[in-house]
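A.B. asks: Protein chains in written order, with my numbering: chain E, 3 to 304; chain D, 729 to 968.
Fair warning: there could be bad hints in the mix.
Stated by the list, open to error - Restraint-style ranges between C-beta atoms, simulated for each label pair:
(1) E:A163 to D:R800: 19 to 25 Å
(2) E:I91 to D:G864: 49 to 55 Å
(3) E:L117 to D:R800: 54 to 60 Å
(4) D:G812 to E:A163: 27 to 33 Å
(5) E:T212 to D:A782: 43 to 49 Å
(6) D:E731 to E:M223: 24 to 30 Å
(7) D:G734 to E:P280: 32 to 38 Å
(8) E:Q303 to D:V861: 25 to 31 Å
(9) D:K741 to E:R294: 50 to 56 Å
(10) D:G790 to E:R85: 31 to 37 Å
(11) E:M99 to D:E853: 52 to 58 Å
(12) E:I278 to D:R922: 43 to 49 Å
(13) D:A852 to E:W296: 21 to 27 Å
(14) D:A782 to E:A95: 54 to 60 Å
What the hints contain is simulated information worked out from the structure, not anything from laboratory work. A virtual CB, placed ideally from N, CA and C, is assigned to each residue, including glycine.
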Amino acid sequence: MDPYLVSVLSNIGMISFIALSAYLLLLTGEISFGQQAYFAISAYGSGIATAMWGWPFWAGLLWGATLAGLAATLVAIPTLRLRGLYFSIATLAFAEMVRLVFEIFTYQVEIDGELVGPDGSDGFRDIRYIYDSNVTAFEYMLVIYGLLALVLIGFFVLERARLGSVFRMIGEDPMLTEMQGLNATAYKVLAAAMAGVIAGIGGGLYAHLTTYVEPKIFNVMLGVHSLAYGLIGGLGTALGPLLGVGIDIGFLESIRAISGYRMIVFGGLVAVLLIIRPRGILDEATVHWLRRRWRRWIHAQD
Amino acid sequence: MLEVRGLQVRYGKVRAVQDVTLDVAAGEIVALIGANGAGKSSTMHAICGIERPAAGQIRFQGQDITRLPAYRILRQGIAQVPEGRLIFGGLTIEENLRLGAHGAAQRSGGVDMAAVLELFPALAERLDERASVLSGGQAQMLALARGLMANPKLLLLDEPSLGLAPVAVQEVFRLIQSLRDRGVTILLVEQNVRQALSVADRGYVLEGGRIILEGRADTLVRDEHLVSAYMGLKPAATAG
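Please model the entire structure based on the sequences and the hints provided.
C.D. replies: Below is the structure:
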């Protein structure tokens, strides 16, 4: 497979995790500008585990995602009790705080005569586990998509389960949800924790693909994009944010003729879609319509 | 069953409910009537836990529920059908109903959806449609059905006829009538005083956040003050 294609597809896969993480919170009606924080925490956490502590890749990834989930829970508990903009502002503030902490966070150990580990604003080099294990870029791409498929299956199960309906109810009207006997705040904290883990998986995968992370990658633009993917692609299904990522990275960034104008086109696209389709291309009404058509078609075949 | 004592609800410095004391006995339909801003909805919100009372006490089946959060009050057996036919438009009709059953599921293992749907044949045919396609009257029916799915001991109905076409209003009151026959206890807030008193056993009249009148529904209907203040402008009253 063409190495360029592999790298674009790997990028799409990794960014899909953080897009899905923002999407999960959007379902519950919460706008987070800070999912990049959990992406970053897991990138550093899993990198430290494999490159410095000698942990195997899967253990490092699990550790990174767990750290991200814990951090997301800790941020959510005090902030989700508040209504309106407070959660959005708190997530943004937390993410910037995390980035600034990584700017000064230095923790290095000597391995084979070289210093390895995060070095403040110089970043964290030599997260080499994947390369040292002779995993090819193509194989690693399969790892990314394998995990993405698992997360997507999780989302499809969620959509059909009671929990998914509860998340959407809270997104529509948290007070009315409480009146159905459901503790909306507790469910929101659960959604935030799950979203943190999902972003964390993406971050861990990212660190091991690039072998190098630095704080400035995890700036607010990453968070804003993650949020925009769901809003462009649609909030009706977990495929929506993936469509958003595909449009942005797969189409706008990869077609070199327009790649220089990517941000302009992307910004325009968000603005236009928010006017004509406020809940994205694959919005709830479209998804519901498609599902009914599909069921009828299946019935017709019987 | 429900005892409200000296209830006070404030929004900042505004006292929406000054001093409300009322009782609802098991099996009763009690109407709470009053003009806009009299404090009817605020009283309801305080009972179901959306609004924290500034003072007073609310007891349900002998238990103090004054400061319980809304979701725990539902689990105690008080379901509210809020004003404005609030439904979850993005979910299907069936999802709306199933999630209403949550409170019942917490207590007793759920209610039979088929039994509830017997009262709502129009909804039964459209279970897999999105609730947002429903008309005003149907949406109110769904909100009522969802309330019943919680299998409540006490049902709070906040302005169930508000903004509905006359035919739909009739349907709502027919339904309330049939719920009474099934022994559901109901606290009903209404501006439609005549209709409310025609289904209720007893009524309380709220004005300026206080109860100014209470009594049996058939006595209240004949009360001069009430008739002139709330029914005087109704076509039915002027005609008669």
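A.B. asks: The structure should be examined with respect to each hint, and the outcome stated for every one.
C.D. replies: These are the hints, each one checked on the structure:
no., hint, verdict
1, E:A163 to D:R800: 19 to 25 Å, "holds (23 Å)"
2, E:I91 to D:G864: 49 to 55 Å, "violated (37 Å)"
3, E:L117 to D:R800: 54 to 60 Å, "holds (55 Å)"
4, D:G812 to E:A163: 27 to 33 Å, "holds (29 Å)"
5, E:T212 to D:A782: 43 to 49 Å, "violated (57 Å)"
6, D:E731 to E:M223: 24 to 30 Å, "violated (57 Å)"
7, D:G734 to E:P280: 32 to 38 Å, "violated (46 Å)"
8, E:Q303 to D:V861: 25 to 31 Å, "holds (27 Å)"
9, D:K741 to E:R294: 50 to 56 Å, "holds (51 Å)"
10, D:G790 to E:R85: 31 to 37 Å, "holds (33 Å)"
11, E:M99 to D:E853: 52 to 58 Å, "holds (54 Å)"
12, E:I278 to D:R922: 43 to 49 Å, "holds (47 Å)"
13, D:A852 to E:W296: 21 to 27 Å, "holds (23 Å)"
14, D:A782 to E:A95: 54 to 60 Å, "violated (33 Å)"
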